[in-house]
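Student: Number 348 in our numbering belongs to position 348 of the sequence shown; there are no gaps in the numbering.
Because the hints were derived from the structure by calculation, they are not lab data. Please note that a few of the clues may not be correct.
[Stated by the list, open to error] For lysine-lysine, the following DSSO-like pairs were computed, each having C-alpha atoms within a straight-line distance of at most 27 Å: (1) 94 - 186; (2) 472 - 482; (3) 134 - 71; (4) 191 - 203; (5) 279 - 294; (6) 161 - 108; (7) 341 - 456; (8) 131 - 115; (9) 456 - 429; (10) 351 - 429; (11) 71 - 108; (12) 351 - 399; (13) 94 - 279; (14) 412 - 134; (15) 294 - 282; (16) 422 - 282; (17) 256 - 422.
[To be verified] Label-pair restraints from in silico Cβ distances: (18) 222 - 446: 34 to 40 Å; (19) 82 - 163: 43 to 49 Å; (20) 399 - 351: 36 to 42 Å; (21) 146 - 286: 56 to 62 Å; (22) 10 - 59: 28 to 34 Å; (23) 351 - 377: 52 to 58 Å.
No experiment lies behind these values; they were computed from the predicted model shown. All C-beta atoms, glycine included, are put in the ideal place defined by N, C-alpha and C.
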Amino acid sequence: MKLTDADITLKGDRIIEHIPSVKDKALRINLNENIYGTFSEIGAGQETVRHFFRSGGSSGTIAKAMSAYDKDFSDAIYGVEEDGRYVTESRLKKMLAHEVRIIEQRLKRDKHPSKVFFSYANTVATIDFAKQFKGHGWVGIKYQVEPDEDYNEIILHIRFKENDARLQQETLGILGVNLIYGAFYKYNEPKKLLRYLYDNLDKDQLEIDTINFSGPRFADVDNRLMSLQLVKNGMTDAVMFDPQGHNVLPAAVLYKKNILALRGSFRPVTKVNMDMYEKSYKMFLEENKVDKDKALVVFEITLSNLRSEGEIDERDFMDRAELLCSLGQTVMISNFQEYYKVVEYFSAYTKARMGLAMGVSNLVDIFDEKYYRHLSGGILEAFGKLFYRDLKVFLYPMKDEEGNIIDSENLKVHPRMKELYKFFKFNGKVVDITDVQEDHLSIFSREVLKMISKGKTGWESMLPAGIAEIIKENHLFGYDPKKLVTEETKPEEASQS
1 MKLTDADITL KGDRIIEHIP SVKDKALRIN LNENIYGTFS EIGAGQETVR
51 HFFRSGGSSG TIAKAMSAYD KDFSDAIYGV EEDGRYVTES RLKKMLAHEV
101 RIIEQRLKRD KHPSKVFFSY ANTVATIDFA KQFKGHGWVG IKYQVEPDED
151 YNEIILHIRF KENDARLQQE TLGILGVNLI YGAFYKYNEP KKLLRYLYDN
201 LDKDQLEIDT INFSGPRFAD VDNRLMSLQL VKNGMTDAVM FDPQGHNVLP
251 AAVLYKKNIL ALRGSFRPVT KVNMDMYEKS YKMFLEENKV DKDKALVVFE
301 ITLSNLRSEG EIDERDFMDR AELLCSLGQT VMISNFQEYY KVVEYFSAYT
351 KARMGLAMGV SNLVDIFDEK YYRHLSGGIL EAFGKLFYRD LKVFLYPMKD
401 EEGNIIDSEN LKVHPRMKEL YKFFKFNGKV VDITDVQEDH LSIFSREVLK
451 MISKGKTGWE SMLPAGIAEI IKENHLFGYD PKKLVTEETK PEEASQS
């Protein structure tokens with residue numbers, strides 16, 4: 001047998017995954033006689049369908065390509081949005097549904113029994129003339145895998161990072177091809193489909209900050225876990241989901257809000273966490289510049305708190321998400337290790353007063369210079385970004401080893417940081433959370449977690465109402481009733497259990 005170059009492998013070779021070119025992806029779809037659909041692109045030319053036209057054989061794939069740029073035309077076709085905007089998820093969904101309805105009306109099933117229909121759409125705004133607003137958009141596909149099957153849907157929100165409208169258009173075109181190709185050929189591996197959206201693209205070109213899968217082929221997909229993948233893969237810095245567990249667009253949730261953020265591991269959420277939330281929120285609402293109707297509480301979990309032996313434990317993440325959602329909270333998963341980065345992120349969406357609720361140990365860490373060595377301005381640069389904004393820190397006290405209460409008046413920072421701390425304290429940037437329940441100060445999530453995993457009793461009283469029942473019912477955090485150890489259990493029996 002004669003070997004070709006492709007057949008030869010040498011000892012020590014590593015397997016490199018082949019990434020098809022944009023043209024190859026478009027051509028493969030074009031050459032499939034069963035894939036047939038429409039392209040509707042608004043705001044950045046017809047860059048996606050252009051690749052299908054240029055790759056050849058497009059007449060068997062493209063039923064229609066259109067761009068309703070005029071607002072009156074767009075409204076006449078897709079209807080008027082309640083908020084009058086055009087670059088929205090609602091508009092995208094209407095575009096997808098309308099085009100699918102049209103193609104099914106005009107192409108009869110008895111004439112095309114083997115066709116699988118799709119509708120690809122995007123509605124975007126590219127960078128403005130002054131280059132102050134870089135642009136964003138919604139991109140999606142509604143499609144079938146089998147002719148007699150219900151439609152699947154993938155919808156994502158993007159933010160452009162490039163500073164040129166033409167480059168943004170080209171980026172959008174490549175993303176569109178990747179989405180269509182992945183929808184048909186990687187639907188069985190949603191995590192890979194997500195990564196392949198960046199084929200032939202760089203993360204410096206665009207950010208994907210929201211994605212939702214739905215339909216029969218994605219019935220088992222948890223969109224919260226897909227959100228986690230976005231952050232894990234570096235596709236975005238933060239994702240959010242609401243108390244119902246739905247992915248939500250951060251910009252829509254945070255826009256012009258008075259934000260109070262609580263960071264923690266919440267593994268599991270304890271009475272301390274909820275006491276901190278309730279007391280700080282009450283104080284936050286009493287601030288002159290805080291509008292109760294615009295106040296938003298965000299429970300933030302950083303990616304560093306989701307790691308277990310170097311890898312993200314997805315089951316552990318889901319356990320925390322379930323509990324926070326059951327308490328009616330909005331959750332943010334972020335890549336931000338330092339607090340000033342969180343504040344910077346929020347500041348992109350709101351100029352209103354913000355608050356951070358944290359424990360004493362967290363505040364002491366903020367005044368540790370080692371976290372800011374990568375900044376040219378060091379800790380002063382970080383504090384300029386953190387406290388320059390209209391922000392207050394609501395400090396939850398702690399007990400030291402002797403049982404003394406530590407708060408903003410007697411906490412100890414590094415001697416070099418004393419005067420800096422005094423400055424922020426004197427200017428009202430750090431305020432104590434008062435009227436806390438002292439019996440809660442001895443509760444720590446890590447201790448509760450140990451008790452749960454080792455089958456000890458008594459941890460239930462350390463958690464908010466209803467949380468222990470959820471943990472037991474769903475066997476969260478390694479809870480196993482078979483490992484239950486009671487006070488009366490002998491040490492020998494406990495070691496055998």
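Student: Each of the hints needs a verdict: does it hold here or not?
Tutor: Now the hints, each set against the structure:
About 25 Å separates the Cα atoms of residue 94 and residue 186, which keeps this hinted pair within 27 Å; it holds. With a C-alpha separation of about 12 Å, the suggested pairing of residue 472 with residue 482 holds against the 27 Å cut-off. Annotation: proposed proximity of residue 134 to residue 71 holds, straight-line Cα distance about 21 Å (limit 27 Å). This hinted pair checks out: residue 191 and residue 203 have alpha carbons roughly 17 Å apart, not beyond 27 Å.
In summary, the hint linking residue 279 to residue 294 is supported, as the alpha carbons are separated by about 18 Å, within the 27 Å threshold. Proximity of residue 161 to residue 108 is assessed by CA-CA distance (about 43 Å); at most 27 Å being required, the pair is judged violated. Between residue 341 and residue 456 the alpha-carbon distance is near 39 Å, which puts this suggested pair outside the 27 Å criterion. Our distance criterion of 27 Å between C-alpha atoms is broken by residue 131 and residue 115, whose separation comes to about 44 Å.
For the hint linking residue 456 to residue 429, the alpha-carbon distance of about 41 Å lies beyond 27 Å, and the restraint is violated. In summary, the hint linking residue 351 to residue 429 is supported, as the alpha carbons are separated by about 17 Å, within the 27 Å threshold. Distance restraint check for residue 71 and residue 108: the Cα-Cα separation of roughly 31 Å exceeds the 27 Å cut-off, and the hinted pair is therefore not satisfied. Under the criterion of a C-alpha separation no larger than 27 Å, the hint pairing residue 351 with residue 399 is inconsistent with the structure, at around 35 Å.
Of the supplied pair hints, the one linking residue 94 and residue 279 is violated, its CA atoms being roughly 43 Å apart against a limit of 27 Å. For the proposed pair residue 412 and residue 134, the alpha carbon gap of about 44 Å is over 27 Å, so the pair is violated. For the hint pairing residue 294 with residue 282, the CA-to-CA distance comes to about 14 Å; that is within 27 Å, so the pair holds. Proximity of residue 422 to residue 282 is assessed by CA-CA distance (about 25 Å); at most 27 Å being required, the pair is judged to hold.
Straight-line distance between C-alpha atoms of residue 256 and residue 422 comes to about 30 Å, which puts the hinted pair past the 27 Å bound. The given range of 34 to 40 Å is broken by residue 222 and residue 446, whose C-beta atoms sit roughly 26 Å from each other. The beta-carbon spacing between residue 82 and residue 163, approximately 33 Å, falls outside the hinted interval of 43 to 49 Å. The hinted range of 36 to 42 Å is satisfied by residue 399 and residue 351, whose Cβ atoms lie roughly 37 Å apart.
Range check, residue 146 to residue 286: about 58 Å between beta-carbon atoms, so the 56 to 62 Å window is met. Between residue 10 and residue 59 the CB atoms are about 44 Å apart, so this pair departs from the stated range of 28 to 34 Å. One distance hint, 52 to 58 Å for the beta-carbon pair residue 351 and residue 377, is violated here, with the actual separation near 23 Å.
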